[in-house]
Amino acid sequence: MLTDSGFWFVQVLNSLQLSMLLFLLSVGLTVIFGLMNFVDLAHGSLYALGALSGYSIARATGGMWLAYLLAPLCVMLVGALLYVLIIDRMRKAGPMKQVLVTFGLIFVLLDIQRYIWGTDQLGVTSGIPFSGSFVMFGETYPTYRLFIICVGLLVFAALFLLLEHTRLGAEVRASVDDPETASCLGVNVERTFFVVFLIGSALAGLAGVVALPAFSAEAGMGVSILVPTLVVVVVGGLGSLKGAFAGSLLIGTTLTFGQVFFPSFASILMYALLVAVLLIRPSGLFPARG
Amino acid sequence: MQNLMNFRFALAALTMIAFLVSWSGAGYFGMELLAEIAILGLLAMSLDLLAGYTGLVSLGHAALFGCGAYAFAAFTVLWGWPASLAMAAATLLTGLLSLIVGAVVTRVQGIFFIMITLAIGEMGYEIIFKTRALGGDDGLAGIPRLDLTAIGVDLNDPGAFALFLLLILPVVYLLLRRLLASPYGAILNGLHDNPVRMRALGLPVQRYQISIFAFSGALAGFAGTLSAQHTMFITPQLLHWTTSGEVLIMVILGGLGTLVGPVIGAATVTLLRHELSDLTDYWSLWLGVFLILVVMGGKNGVVGWLEAGWSIVRRGRVKRSSNDASR
Amino acid sequence: MLRAENIYKCFGALQVTRDVSLKIPIGIRHAIIGPNGAGKTTLFNLLAGELTPDAGRILIDGQDVTAYAPDRRARRGLSRSFQKNSLFLNGTVRENLMLADIVTQRYGFHFWSRLSDNRRARDKTSAVAEQVGLADLLERGVSELSYGAQRQLEVGLALMGTPKVLLLDEPTSGMSPEETGRMLQLIDELPRDMAVLLIEHDMDLVFSHADRITVLNYGEILMEGTPQQVRGSDIVHETYLGGKAAH
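Residue numbers (this note's numbering), protein chains in the order written: chain W, 23 to 312; chain G, 45 to 371; chain Z, 10 to 256.
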C-alpha cells in the first residue's frame, strides 16, 4: 500500500480537499478572533447554513451554479443580522460572555436549521459541475474534489492580494496589529470589523455550499466541523492568513492520513497535535502578533 | 459582602426547604425529577467553582462528569467492585485526569483556554464513543446503586434514593462555602479579579489553576457516579458538548459565582426541559435564546436579579427608618 | 539589594533599553527620571520580570534572577507597584491587603481555616493600611475609592510582603498636594533594610527625597549621581529640564 503511487495520489488529494474546506472556515474565524478579539463559536453553524441553503437553491434552480453564488450571499446576510443584533453589542463584553452568547447561538441556529430542513441528510444529485472523474496513477478520482481544492487555493490567492495590496487589507492588518493606533491614524476600525465579519461569514457559507455535492448536508454538520476549525485556528496561530493556511494543511493531512492508518482514532491524533502545540508553542505556528 | 453572603445562605436554605417539601409530596416522577436536579446541582456547583469563582470557563466540563459515570460503571459492571469502593475510585480517577488535563489546558489563557476545553471535551466524548469495551454508542447498563441496607436503607427505592441525593447537596454546599471562605477561596477570587497582580505579588498562578481544575473535576466526577447510579444505564451523551452547554446554562441562569445560583439554575432548567419537551421538539432553541437573553441582560442570573431587588428593599427600609428618626 | 547589568531590550526594530546598569544597595532611595517614552516603565518591567531582556543580567541579593518569571522574582523579595492601578476591584481595601498577605506569606493552600479568624493577618493589614493612610477606609469597596486612595492602596499592596526590593512606579501620579505629602512621608518612613527604586515625574520630590538619581533618555542612561550632581549637570538640563543649569 505504501509503495502504491495510486494510494498516495488519492490520499494527498483527499487531505488537500479537506484542508481547503478547513481553510475557508478557519480563515474567517482566525481574523475575527485576531482582529476583534471576539470568540465566535457560531461560525460552524454558518457553514451548515451555507450547505443547507445551497441545497434549497440548487433544488429550486436545478443546478449548483446559482447556489455557489447565492448561498454565500444568504449566509453573509444572516451574518450581518447577527452582527447588528448580537455581535456588535457583545464586542467589549469579554471572552466569557462572548463564548456564552455564541454558544447559545449554536443551539438556536441548530434548531432553526432542524425546523426548516429537518434532521435527515440532504444530498444534491443533479446539476453538479465537474461531476465526472479522472484517472491518474491507476486510480479514479472524482473531479469535483479537484474543484474544491481549486476554490480553496483561489480564495487564498484572492485574500492574499486583498490583504497585501489593497487599502482595506492594509486597514485590516493595521487593526489586527494595534487597533488603538490604527484608529488614531484614521482607520475606521468599527467598519473594518463589520466588513471582516461579513467576509468571514460569506467564506463559511461558501465552504458549506462547495462541500455540499461531495458530502451532503444536515443540521448538525456545523457543530462537527467547529472543533477541527478551532484546532486549526489555535495550531495555525491567531489572526494570520498564513497561519490559517498552514494550520489547515496540517490538520487536514492529520485527519485524512489518520483515518487511513488508525480508522477510529484519527481525531485523537488531531487532539494530540493540539496538545503538543499547546505545550511547545502556545501561540501557534504563525500568529499575527508574536 | 457579608450581607451578600447571608442573603445567599438564606436563599440556599429556602431552596433546600423547597426541595424537601416537594420530596415529601412527590410521586414517582417527582422523585426522579428531584434526583436529577440534585445531581445536576452538584455538577453545576462544581462548574461554578471553576468558571464563576476562578474565572476559568470550561466548555468541556461534562466530559469529567461522564468520566466519573463511566469509571463507576466500569468498576461495578465490568469488574464487579462494590459500589462504595467504585464511587471513591471513580472520583479519584476523575480528579487525577482533571489534574493532567488541567496541567495542559492552563498553559493558555482567555479565549484559547475556552476553545481548548471544548476540544478536549469532544476528545473525551469520542474516546468513550469509540471504546467497544465500554459499550460504544449503545452505552452501559445494569449499574448498581450504593448498598446502604446495613443501616436499613434501600436505595433502589426511588424515594429513598432521591432523599439520599437531596441530603448530599447541602453537605457539599456547606463544604464548598467553607472552602470559599478560606485563604484558598480568596486566592481563587483574586485570580479571577486580577491575575496579573497575583503574579506580581508572587503567586504561582498556574499551580492554583491546576488545583481548582482538579478539584472541580473530581466533584464533577463524583456527580457522575451518582448519575450512573440514578439512571442505572449510561451513554456517551453524558460527555457531549451539548451536556456541557446545558450545565453552563444552568450556572449562568442561576448566577455565576454565587454557588446557590447554579443549584437554582439546575432546578429551573430541569423543570423547564421536562415541561417544554412535552410542548415542542425544539427545546434547544429556547435554551439557546434563554442563554443569550440572560447573558446580554446584564444582571447575574436569577440570584443577581434577586439581590438587586433585595438591595432596593433594604434601601427603602433604611430611608423609612431614618425619616422616622428625623421627625 | 538590586543590581542590573548591561540590560538591552528591543521591540522589533525599536531599541527601548540600551546598556542600562543599576546598583541599588539596601537602604538607598534611588529615583529614575526622564522624559515620557524614555523607557522607565519598560525598565521596571524588565526588573520585575514582566519582560525578558535581550542581553544583560538582573540580580537580587547576588542571585541571578534574569530567567525568573515575575512571581518567582516576587518570592525572592521583589515587590512592585504599577503606574496604572492594578487592584482587586471586586473587594474591599482589607480584602485586597489580605490577599497580598496570603500570597506573600504563602498560605494559599489552606483550605479549611477561616480568613476572618486570622488575627495576625488582620493586624498586619490594619498596620499597612495605617501606613498608607487608608485606616479609615478598610471596609470600603475598592471601586468606591477616590483615585488618590486607590493609588495609596496600590502602594499598600506592594508593601504587604515586607519586600527586600521595592519598585514604585510613579507613586504620586494623580494625587493632590496633601496626598502627595502623605506619600512622601511614607517613603521617608520606609524601613532602612529595604532598597527602594522609584520612577517619578515630580522633580521636587525627586531632588528632596532621593539619595541617588538615574536619568534615562531614549532607553539609555544619560547620567547617574546625587541630586546635586544631576541638578548641576548641563546635559540633563539641556535634554530634560530645559535650558542651562544655574551654576
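Just so you know, the hints here were simulated from the structure itself, not pulled from any lab data. Watch out, some of these pointers could steer you wrong.
Unchecked claim - In silico DSSO-like pairs for lysine-lysine, Cα to Cα no more than 27 angstroms straight-line:
(1) Z:173 - Z:32
(2) Z:93 - Z:32
(3) Z:173 - Z:133
(4) Z:93 - Z:133
(5) W:119 - Z:93
(6) Z:133 - Z:32
(7) W:114 - G:343
(8) Z:173 - W:114
(9) W:119 - G:174
Cross-check of the supplied hints:
1. Z:173 - Z:32: holds, 14 angstroms
2. Z:93 - Z:32: Holds: residue 93 of chain Z and residue 32 of chain Z sit about 26 angstroms apart, inside 27 angstroms.
3. Z:173 - Z:133: Status holds; Cα separation ~17 angstroms.
4. Z:93 - Z:133: holds, 25 angstroms
5. W:119 - Z:93: holds, 25 angstroms
6. Z:133 - Z:32: violated, 31 angstroms
7. W:114 - G:343: holds, 16 angstroms
8. Z:173 - W:114: violated, 40 angstroms
9. W:119 - G:174: With Cα atoms ~33 angstroms apart, residue 119 of chain W and residue 174 of chain G exceed 27 angstroms; violated.
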